[in-house]
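K.L.:
Residues per chain, in single letters:
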Amino acid sequence: MFISIPCPECGNEIQQPADRCPHCGRPGYYWNVIAVKDAAERATLERRYQAAKKEASSRKADAVLQDFENALADSQAVIARSQSEVLRLANSHRQLYATYYQLIEAGVRLPEGDQWDVLRELADTVLFPGYKKEMRFAALSMDGVGLSNYGTCSIVFRDEMISHRASVFEENSALFMEKRKIKISRDTKLPKGFRATWDERAKLCVAKLSGKIDSATRPVEYSGLLLRQGATSEDDEFVEVHIWGPMTVLTMERVIVTSPKAHHRAIITKAIKAKLAKHNVKVN
Amino acid sequence: MDAVISGRAGKALLLDGESLKSFDVDDPSEIVSRRQSDLPYLFGEAQDLRVIENADVESVKQALQHDCDFNWALDLTLISLDAELPDDIRKEAIEGLDELLSDSRVVERLEGILYARPLPEDADLVGAIKLCNEVRSSNASALLRSFGQCQLLIYQVSQAWDTIPTKIFVDYERQVEFQQVAAREGLFRSLVTVRQTKSPISTFLLNAGLNESIKQLPNYRQVLQHWASPFRQPGEVPKIKPELEEEFEEETSTRRRHGRRIGLNRQAVLREVNKRKSIILEAMRRQDFVRIHELVNDLISYQLSSGETVHAAKSLCDLATEAKALGMHPLQLEMTERSISIAPDDDWSWAQYGDALLNMHRLDDALTAYQQADAFGAGVIAKTGRAEVFKAKGELDKALAAYDEIIAEHPENVVAKTGRAEVLKAKGELNKALAAYDEIITEHPEDDVARRGRAEVLKAKGELNKALAAYDEIIVRHPDDVVAKTGRAEVLKAKGELNKALAAYDEIITEHPENDVARRGRAEVLKAKGELNKALAAYDEIIAEHPNDAIAKNGRSCVLAALGYYDEALESLPDKSPITLQDWINHHVRGMILLRTGKVSEAIRIFNDGVQNTPWHSQREYCRSALAIAWLRGRDFKKASQALEEVTSPLLQPPANILRLHAFGASGNLQRATAAYNELAAKPHFLSYEVTQELRHQFLLGEEPRHDEDWIFDQEVKIILLNTGIETSRLAA
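Residue numbers (this note's numbering), protein chains in the order written: chain A, 39 to 322; chain B, 112 to 844.
Just so you know, these hints were derived from the structure itself, not from any lab.
The beta carbon of each residue, even a glycine, is placed where N, CA and C say it ideally should be.
Fair warning: there could be bad hints in the mix.
[What the hints assert, rightly or not] Subject to a maximum C-alpha distance of 25 Å in a straight line, what follows is the list of computed DMTMM-like cross-link-like pairs (lysine to aspartate or glutamate):
{"hint": "1", "chain 1": "B", "residue 1": "LYS132", "chain 2": "A", "residue 2": "GLU209"}
{"hint": "2", "chain 1": "A", "residue 1": "LYS171", "chain 2": "B", "residue 2": "GLU419"}
{"hint": "3", "chain 1": "A", "residue 1": "LYS171", "chain 2": "B", "residue 2": "ASP233"}
{"hint": "4", "chain 1": "A", "residue 1": "LYS311", "chain 2": "B", "residue 2": "ASP135"}
{"hint": "5", "chain 1": "A", "residue 1": "LYS320", "chain 2": "B", "residue 2": "GLU288"}
{"hint": "6", "chain 1": "A", "residue 1": "LYS170", "chain 2": "B", "residue 2": "GLU232"}
{"hint": "7", "chain 1": "A", "residue 1": "LYS308", "chain 2": "B", "residue 2": "ASP583"}
{"hint": "8", "chain 1": "A", "residue 1": "LYS316", "chain 2": "B", "residue 2": "ASP235"}
{"hint": "9", "chain 1": "A", "residue 1": "LYS171", "chain 2": "B", "residue 2": "GLU288"}
{"hint": "10", "chain 1": "A", "residue 1": "LYS219", "chain 2": "B", "residue 2": "GLU129"}
{"hint": "11", "chain 1": "A", "residue 1": "LYS311", "chain 2": "B", "residue 2": "GLU210"}
{"hint": "12", "chain 1": "B", "residue 1": "LYS794", "chain 2": "B", "residue 2": "ASP825"}
{"hint": "13", "chain 1": "A", "residue 1": "LYS308", "chain 2": "B", "residue 2": "ASP138"}
{"hint": "14", "chain 1": "A", "residue 1": "LYS308", "chain 2": "B", "residue 2": "ASP515"}
{"hint": "15", "chain 1": "A", "residue 1": "LYS316", "chain 2": "B", "residue 2": "ASP686"}
{"hint": "16", "chain 1": "A", "residue 1": "LYS316", "chain 2": "B", "residue 2": "ASP233"}
{"hint": "17", "chain 1": "A", "residue 1": "LYS308", "chain 2": "B", "residue 2": "GLU232"}
{"hint": "18", "chain 1": "A", "residue 1": "LYS171", "chain 2": "B", "residue 2": "GLU383"}
{"hint": "19", "chain 1": "B", "residue 1": "LYS388", "chain 2": "B", "residue 2": "ASP475"}
{"hint": "20", "chain 1": "B", "residue 1": "LYS132", "chain 2": "A", "residue 2": "GLU84"}
[Said to hold, decoys possible] A few chain B positions that, by computed beta-carbon distances, are all more than 12 Å from chain A:
{"hint": "21", "residue": "LEU150"}
{"hint": "22", "residue": "ASP186"}
{"hint": "23", "residue": "THR188"}
{"hint": "24", "residue": "LEU263"}
{"hint": "25", "residue": "ILE279"}
{"hint": "26", "residue": "THR479"}
{"hint": "27", "residue": "VAL491"}
{"hint": "28", "residue": "LEU507"}
{"hint": "29", "residue": "ASN610"}
{"hint": "30", "residue": "LYS645"}
[Claimed, not checked] Residues of chain B clear of chain A, computed beta-carbon distances all greater than 10 Å:
{"hint": "31", "residue": "GLU164"}
{"hint": "32", "residue": "GLN262"}
{"hint": "33", "residue": "ILE585"}
{"hint": "34", "residue": "LEU674"}
Isolated chain A (complex conformation) (with noise of 0.2 Å):
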């Protein structure tokens, strides 16, 4: 699975997952984004790009699908976090913050047994051979509002911050796995056309989602078909996006709190929109 690509600026082979040239030390190397600029990957999408707005031709649906499609390129990257995560990261350049929450930061210990191995079984996947720790997961949205099943603030990150080292994928990639009966190991066939880059989001989306859009689809509907809050998390439905690399206050564009039930919660909430005002990020 370990891939390695020539630098183009020193011609030296950049071996997965160097983020810069070990030759020549220019920086910049996002896998993810790589993985999906693969020409197979781009021509398998492309078929199947092509096949959805054949067929929804044939529907008369087309017109509604171009539409959808055009919308798609305002769509954004969010992920939903917990209030507190929302102020840590408000305030993580502030001494007197990140010295407390640094000492909270323990991180998870699992204990050894078969029953442990269920979450342990996470620690490498596929998709990010090498690099799993370098990528961050969001959600592709046309509204703002993220997965509410994982958080109340659904974070929404600027499109100029991301671009370059965001990749978006079918759906819940783990699910996607589990579903096709993918097992992790080092020659691990991921089918291709599932995947693409920032750029290309809508012409996945589309690929996916032409199927379920037909002449009398509204406008109005389009955010619902993109991003579907299930019940429970199971149901949820989405298009999964892969950011390579941290982010800070500066990567967020606005953040939408929903329901801060209890008082306290009410009263991190205005400290985190007076925190974020000043980063000129909105809360809504």
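Got chain A sorted already, so can you dock chain B onto it with the hints?
P.N.:
Okay, now just chain B, sitting in the frame of chain A:
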């Protein structure tokens, strides 16, 4: 059933065989089935995950609620301390916190975290306590007040933690892990409490050693012992007794044994590096060299393991700069040597190495190092360093040319301009030097190096009141400018106000005990006052700390000679061809000792060598004075008078006038002898010397001698020796 909970995410994951379920703290009754595919999303970035084994749903709910309460309490505490936030939000946070603090378990956990580090500078504790009073929040007020009162103890406990070498934890990741577990388990708070209540440290060690979470960590006993060691009372003996199953673990893998490996967080690395550097600096101030080496090794291993090779080299250079500021030149050299071995193509490291070699007087090596720095692109820093080496080697014309070259290429370079002015002063071209400094100050009014340089030139010109005023002006602008303060003290000494000079040095030393320039200056004043045993003790103290301090060693040799310990003085002087200023000073001192011990021709050869060959104007003047004594000893008063006519340095006029009183008086020129004597009125302590009064007695009053020629000769040699170091302290600054 087992569970993983996160108070930060507000989620619990239940594991029962292959079944995965979760619930949210807001609605614990709604238990949702999960798949493995949900897991990357479930806890997000939260890293406060806690595993609970063999639990039931009810106990997991309670544990999650408690973890959430603790997290909210922490968030609300931080909001209440945040001066950036409006008061109304802070007050609401305090009210919410007050409510959560009614649970004593939350208080205990919160204090466990808060007491693990001193309050950062940007926290507004006073404001928070004031707001607590306004909203009458007693629980929050008590927490914050107690936290404020313990800050000093928290600082001490935190410092003690930071000095534990990383190798004891096995590696950096485990050090971080240990700290987090220790904070979570309240060990920092316990140690602060033990210190506060003055309880025995053994109580802390016993309780901490019995903590189940702590016992899971490698080398926990050694860590605890090391941590507690600064707080042991006399008589409390450390007991390190590793058990078989807890043998010292050596470095294994930098990868976590379980869970996710966390990527490099540069800000965190930077914070960690800065923290470690400040600890090393403290060790430098304590001159704890064993500790310094341990801590530096730790720091460099940490940075190299983070892939920060160039940054590791830069850290060494930073520490070298600190070592230099503390006068620890061998340490500066050691750090920079290590820096170039880590980053052999780093221009900055080479330049710093050059500077260290220059300070160690390895001048040819310094020149090579600066050439290397230049080759790797250090540019003007390397060129300036090269000019500095030429100056130190006494190749003043080359130094001047090098500075001129830099100034031609970089007309804005103030370092080169001040360097050039210094060379002019060293050449004795005092008016040119003054004009150069005046020009720099006009162009760069903020440059205090130039202002200090100008004050030094005024002093060298004998315009001592102006020099004093110039230093006073700098000190008014920058009351902490220790270089200006020592410069001012030297002017007082040059004015003959020795008690004032001594008091000034004492004051500087009280404020800056590490300042060796002040300590040497003080020794020089004691020497000039004739308090030779005190001066010797002062020099011995400096040399004990800095065995390579050439300036202090020269001063000490002068005192030994003045005390009549000629053999010891000669042994203390390196016998080599003079190159640097300090070489020329010790060359001159050697000549004085030879003269005093009757080896007159050998002494004259040395003084003539100085007059003809030293590039330093001041040293030429000293050698002329010394030569005059040699002629006086041979009763050749004409040659002595001629030699003294050429002594023009204002700072040397008082001892030269004593010799003139002798030369002119003995040759019958009473007018010149009287004039010389009258000149001394401006420097009462020279006037009060017994030898001055004996010469007056014999030559101006025509009275019978009270002392013989040997005695007079001995006193004259002593006067020159005691004033030899007159400029040495400043040059070290």
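K.L.:
Now tell me, hint by hint, if it's right for this structure.
P.N.:
Verification of the hints:
1. B/LYS132 to A/GLU209: holds (21 Å)
2. A/LYS171 to B/GLU419: holds (19 Å)
3. A/LYS171 to B/ASP233: violated (32 Å)
4. A/LYS311 to B/ASP135: holds (24 Å)
5. A/LYS320 to B/GLU288: Violated - the C-alpha atoms of B/GLU288 and A/LYS320 are around 36 Å apart, more than 25 Å.
6. A/LYS170 to B/GLU232: With Cα atoms ~37 Å apart, A/LYS170 and B/GLU232 exceed 25 Å; violated.
7. A/LYS308 to B/ASP583: Distance ~53 Å between A/LYS308 and B/ASP583 Cα, so the pair is violated.
8. A/LYS316 to B/ASP235: holds (19 Å)
9. A/LYS171 to B/GLU288: Holds - the C-alpha atoms of B/GLU288 and A/LYS171 are around 19 Å apart, at most 25 Å.
10. A/LYS219 to B/GLU129: holds (17 Å)
11. A/LYS311 to B/GLU210: Judged against 25 Å, a Cα distance of about 23 Å means the pair holds.
12. B/LYS794 to B/ASP825: holds (21 Å)
13. A/LYS308 to B/ASP138: holds (23 Å)
14. A/LYS308 to B/ASP515: violated (62 Å)
15. A/LYS316 to B/ASP686: Answer violated: A/LYS316 to B/ASP686 is near 68 Å, above 25 Å.
16. A/LYS316 to B/ASP233: Answer holds: A/LYS316 to B/ASP233 is near 17 Å, not above 25 Å.
17. A/LYS308 to B/GLU232: holds (24 Å)
18. A/LYS171 to B/GLU383: This hinted pair holds, its Cα atoms lying about 21 Å apart.
19. B/LYS388 to B/ASP475: Distance ~31 Å between B/LYS388 and B/ASP475 Cα, so the pair is violated.
20. B/LYS132 to A/GLU84: Status violated; Cα separation ~39 Å.
21. LEU150: Nearest chain A Cβ is 6 Å from B/LEU150, so the label is violated.
22. ASP186: Contrary to the label, B/ASP186 does not stay out of reach of chain A, its closest Cβ about 6 Å off (not over 12 Å).
23. THR188: violated (8 Å)
24. LEU263: holds (17 Å)
25. ILE279: holds (19 Å)
26. THR479: holds (28 Å)
27. VAL491: Its Cβ never comes within 12 Å of chain A, the nearest being 25 Å, so this holds.
28. LEU507: At roughly 43 Å from the nearest Cβ of chain A, B/LEU507 sits farther out than 12 Å, so the non-interface label holds.
29. ASN610: Consistent with the label, B/ASN610 stays out of reach of chain A, its closest Cβ about 48 Å off (over 12 Å).
30. LYS645: holds (48 Å)
31. GLU164: Label violated. Min Cβ-Cβ 7 Å, cutoff 10 Å.
32. GLN262: Given a closest Cβ separation of 13 Å, the condition holds.
33. ILE585: Holds: least Cβ distance 34 Å, greater than 10 Å.
34. LEU674: Given a closest Cβ separation of 56 Å, the condition holds.
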